[in-house]
Amino acid sequence: VNTNDETAEMIKYASNAFLALKISYINEIANLCELVGVDVHVVSKTMGQDGRISSKFLHPGPGFGGSCFPKDTMALANTGKKNNIKMNTVEAAIKTNNEQKLRMVDKLKSLLDNKIKDKTITVLGLAFKPKTDDIRDAASTIIIPKLIKEGAIINTYDPVAMDNFKSLKYKINYFDNWQDAVKGADALILLTEWNEFRGIDLLELKSLLKEPIVLDTKNILSIKKLNSIGFSYDNVGRKGIS
Numbered sequence: 001v002n003t004n005d006e007t008a009e010m011i012k013y014a015s016n017a018f019l020a021l022k023i024s025y026i027n028e029i030a031n032l033c034e035l036v037g038v039d040v041h042v043v044s045k046t047m048g049q050d051g052r053i054s055s056k057f058l059h060p061g062p063g064f065g066g067s068c069f070p071k072d073t074m075a076l077a078n079t080g081k082k083n084n085i086k087m088n089t090v091e092a093a094i095k096t097n098n099e100q101k102l103r104m105v106d107k108l109k110s111l112l113d114n115k116i117k118d119k120t121i122t123v124l125g126l127a128f129k130p131k132t133d134d135i136r137d138a139a140s141t142i143i144i145p146k147l148i149k150e151g152a153i154i155n156t157y158d159p160v161a162m163d164n165f166k167s168l169k170y171k172i173n174y175f176d177n178w179q180d181a182v183k184g185a186d187a188l189i190l191l192t193e194w195n196e197f198r199g200i201d202l203l204e205l206k207s208l209l210k211e212p213i214v215l216d217t218k219n220i221l222s223i224k225k226l227n228s229i230g231f232s233y234d235n236v237g238r239k240g241i242s
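Quick note: the sequence shown uses our numbering, first residue 1, plus one each step.
Incorrect hints may appear among the rest.
Simulated pairs of lysine-lysine, PhoX-like, Cα-Cα distance not exceeding 25 Å [said to hold, decoys possible]:
#, residue 1, residue 2
1, K149, K169
2, K169, K206
3, K12, K129
4, K95, K146
5, K210, K239
6, K107, K149
7, K146, K107
8, K45, K225
9, K86, K22
10, K12, K107
11, K129, K109
12, K109, K210
13, K206, K239
14, K56, K71
15, K183, K210
16, K183, K146
17, K107, K117
18, K86, K12
19, K171, K107
20, K129, K146
21, K239, K56
22, K22, K12
23, K117, K129
24, K86, K129
25, K95, K109
26, K183, K206
27, K45, K129
Simulated from the structure, these hints should not be mistaken for laboratory data. From a predicted model like this one, the values you see are computed outputs, not experimental measurements.
Turn these sequences into a full structure, and let the hints guide you.
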């Protein structure tokens, strides 16, 4: 496509905002699925089989981050304001995304009977997605300071993003592997779907945690195995699914 700079910029903003919309939309569907006893994975997979929709970016979780989606959705919304056009759909996606990250804190608090003060919480995954050290607008940058503000002690491990996170100067504990990070913790929240975390030995995990409490915001751990071992467990969009 041959075009001018203004059109090229709009194409980029419109494309990334549309993908961000899909993420916020499936997160809202996931939240509703939890209340009506439906597995969001079945919903999203079936939706994705429709060629008009596609399965890409229909994966529920703690909200989108990174260098593109947050920036480009805001840029599109601001461009609308400058031109007196309400970008209601884009602004709703931004709002939903911000709320989704905070919703993860509420989920964790619920698992802990709202007793978060002085609890040791292990956060596995700091990057906004696997295979990168990028923490820009990652869920971790919202969830961790919120937990600290509520009095939690934070242990964390990420295969590559810890150096970047250290620049934020939060008073948290960094570890070289997930086993040391979870040892003695009152709960675990998983924020990035690294392959290393997909392969976690759940029996080993239970033996290391002080309490077998897990919030899997990326839905990568086996619900069946977690339930059979005796974990207190929550996820995104699959509540009550066995």
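Check each numbered hint from earlier against the structure, then list the numbers of those it violates in ascending order. 2, 10, 23, 24
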